[in-house]
Amino acid sequence: MTRRRGAPGTALRKAVLAVVGAVFAVPIAAMVAFSLRSADGTGHDLGHWTALAAPENERAYRSLVEGVTNSLVLAAVTAVLVLVLLVPTMVVVHLRYPALVRPLEFVCLVPVTVPAIVLVVGLAPVYSVVSRVAGSGAWTLALAYGVTVLPYAHRAVQADLAATDLRTLTEAARTLGSGGVATLLHVVVPSLRRGLLAAAFITVAVVLGEYTIASLLNRVTLQTSLVQVSRSDPFAAVILALLALLLAFLLLAVVGRVGSAGAGRPVLPGRDVAATAPAPARKALS
Amino acid sequence: MTPTRPLAAAAALTVLALGLAGCTAADAAGADAASGTAATATSAEDLGGMDALIAAAEAEGELNVIALPDTWANYGKIIDAFEAEYDITVNSDSPDVSSAEEITAAENLAGQDTAPDVFDLGSAVTLANLDQFAKYKVATWDDIADDHKDADGAWVHDYTGLMSVGYDADAVPEPGTLDDLLGSEYRGKVAINGDPTQAGAAAAAVQWAALQDGGSADDVSAGVSWFGELADAGNFLPTDPTPATIASGETPVVFDWSYNNLAAAADAGGRDWRTAVLPGTALGSYYNQAVNVDAPHPAAARLWQEFIMSDEAQNLYLAAGAYPVRLAAMTEAGTVDQGALDAVGEQPADTVQLTTEQTEAASALLAGTWAQAIG
Amino acid sequence: MVALVEGRPPAADRDRLDGARPPRARRRPAAWWALTPFAVYVLLFLAVPCVVALGTGFVTGDGRPSLSALAALGEPLVLRAFGSSALVSGITAVVGAVVGAVVCWGLTALRSDGLVRSLVDSAASVLAQFGGVMLAFAFTATIGIQGVVTQLLLTRLGVDVFAGGVWFYQVPGLLLPYVYFQVPLMVITFMPAVTGLKPQWQEAVATLGGTRREHLLRVVVPVLAPAFVGSVLLLFANAFSSYATAAALISQGAQIVPLQIRAALVSETVLGRENVAGVLALGMVVVMVVLMTLYSLLQRRTERWQR
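Residue numbers (the working numbering), protein chains in the order written: chain A, 28 to 313; chain B, -6 to 368; chain C, 532 to 838.
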């Protein structure tokens, strides 16, 4: 491919990326530098990092431990809930009721239009009923989180679903005598492994970062305990925020490398064209 | 494939779910039967005396409290003292929520064993939610003046503070009068504890400014305009002061209750934090103690009431700089902690307390004008 | 790979060798039950809360239907909150869109299946969607009163960022964290459009004797314009509905709509405004519905070029 004269070359584009990347790294670097400040304000040391593990601070950080535990449990429960509820539905709709594909997508995209702060206004009465039935542990939030996660999970699974010839596979299984549930478990799930994994990891990332619903429903999670701790110890809050961001980044990086087509993309109405189009390396603006 | 298998599975799940629901209902019913008498007791005598109350409370074993930060009016020490005296574990939930959120939590968790047992509320929220409270009169009921308690025992005042200005003596000079704070030494340094349209302590700061600056308890607009002047001078800091910001020096001047400012001195990371109750009209506001009508641990809740109104807890309030409601009675009986009283100073005789109507009028005024005043 | 073919019964059904009726007709009724758990779940936890949230605006405190709470939408404070929300959302959407588009352009220089590109994608996802409270802490650590950058500027350059007043804990302080998550969101949403620009078009322009400039103005801009505008709308909607970052940063005043909702729900001084929360929610949803409808209309135009 001939280089056109005057075309901004690869070098310029990479330079632009480097500059923007450096600017975006500033807050992260600032968080690290902030957390390394020594207690008396001069110089730097690991004092705040080691204080997190110190036994004498155990009482102060108790809510943090509770928040982290609750969030991890919530993430697991939400991932299971979403996968168990959404995937069979999507598969059945994809295979049996193609007319419902669009409505299902619409339903899964409603949480994008109805933000969490609006949803939580209506969740309080629902949750007083939920509390009566299932207790008031933080894990009950999984029911609300499943809804907020729907757009992302649907997107991840849909991309994989579109790229897999599920119809032939299930028909083959059926002709070989497999029942519905067995087909689901032994044929569908392994074929959609990437999409399911992507959905699960994205669910975990969303749940770990969710604050709105947890705080206004008075439950203790990682984010609400971070805010509470920041009032008395901003350093611990910054350290844990850094670690949480890193964890979410690692989760999504793994998903991205494992190669699911729909992973990491946000949720948008409209067809997932990019996932279905063939994707060789492109040089669009050379 | 026939539809019977999935139907059977669904039926099994339904039975399981109903069974679980039934179990939890049965448990709840059982628990209610055991402490049924405690849930309706209006005084210790109804249960057969203090010892019976203590026994019933210790049988319950736990107490859920909410919105009681350790450094607020010595609640940390009060909770520790309660746990030390009785064999009851105190679960201190959500220390930073507002009074309104305490009621919301009680509503959301109604019937659960994590619902709050007792409340410590601002007056406005108390008077708006009387059905949420169980009527209970503590042993020392008669020590308390009539305007500090509900006639039926739904609520009772527990302590009050005085509105004060806490300041870092190393960073700023001592403010002698309110208008000193408008000076240039306080540029970008003066904060109040919360948003007056949301938090009681902040609303009280504005009311106090009104009283100091020529307004009255009926009309706090003078306070709003004074804070407007503060903002125009560039002295107003729209940050929430927390122990962290005080220790780091971000908020060198804080309007807050005297007991909070006094507690901040202990936590101030080496700074010389002082509390100034400015001369002139003093403003106080009693908080209200109440028992949740749906308390999961009714006997423990009532025992907590008794404890709060006992000399021990009232003196702990005093040690933190808060004036307990039984101060007059304790002084007369000689049970007051004289050292603490001397350290804090006598309660000023002309402390202004806003009535319900005045509080409502002030809230309405703040809701309409605060945001504009501070820009 | 197989394209999206929907709605055609599989051939296997029609070609059973033994001529028996396709099993599908017998199995069809049994599949509805598979959809009910999801339907029930969505009904209980999405439909009902939505209806309740929007409906509380239409009842009085005692539960009787009334339009009186809607009057709150006309209060100057509420109008100002909507205005501030719109202003913050607009500024950060435009800035985010422009910077994001530049980043997209830069990303075309990387291999689309390379490590750097996928790391950038992951980082963009994290910052765009899962930052919330943590971004508030990040920026407090950066340019808060005790922030690293603030102190650096003060001690090394003598520049006091807060000389004119502490703006960080008010609405202006929201701009930086919001741009920080708007740019990655722009990258995520706009990149498919940018990669959809086929090199063949550039060659076609060259063949027809056009210059690079003409390619840019006559081909690239018209093709990317719907995607760009759509992304701006999406960014606007994203900032408008954001709550966590603002809640963590701003404690004094409720200058934007999500914070007004919070104030209506948790205030202990101005009581009885829970219905106002419903009305505000209604206002927010109306804005969001309008934005997302426009977005999906634009998205259809965008997709034309990506086929």
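Keep in mind that a hint or two might mislead.
Some chain B residues judged to face chain A by a derived CB distance under 7 Å, without partners named [to be verified]:
id, residue
1, S87
2, N101
3, G104
4, Q105
Far from chain C, some chain B residues (derived; all Cβ distances over 10 Å) [stated by the list, open to error]:
id, residue
5, E94
6, A192
7, D233
8, Q331
9, T352
I should point out that these hints are in silico values taken from the structure, not numbers from a laboratory.
From a predicted model like this one, the values you see are computed outputs, not experimental measurements.
We treat Cβ as the ideally placed atom computed from N, Cα and C, and that holds for glycine.
### Query
Hint by hint, which ones does the structure fall short of?
The structure conflicts with hints 5, 6, 7 and 9, although it agrees with all the remaining ones.
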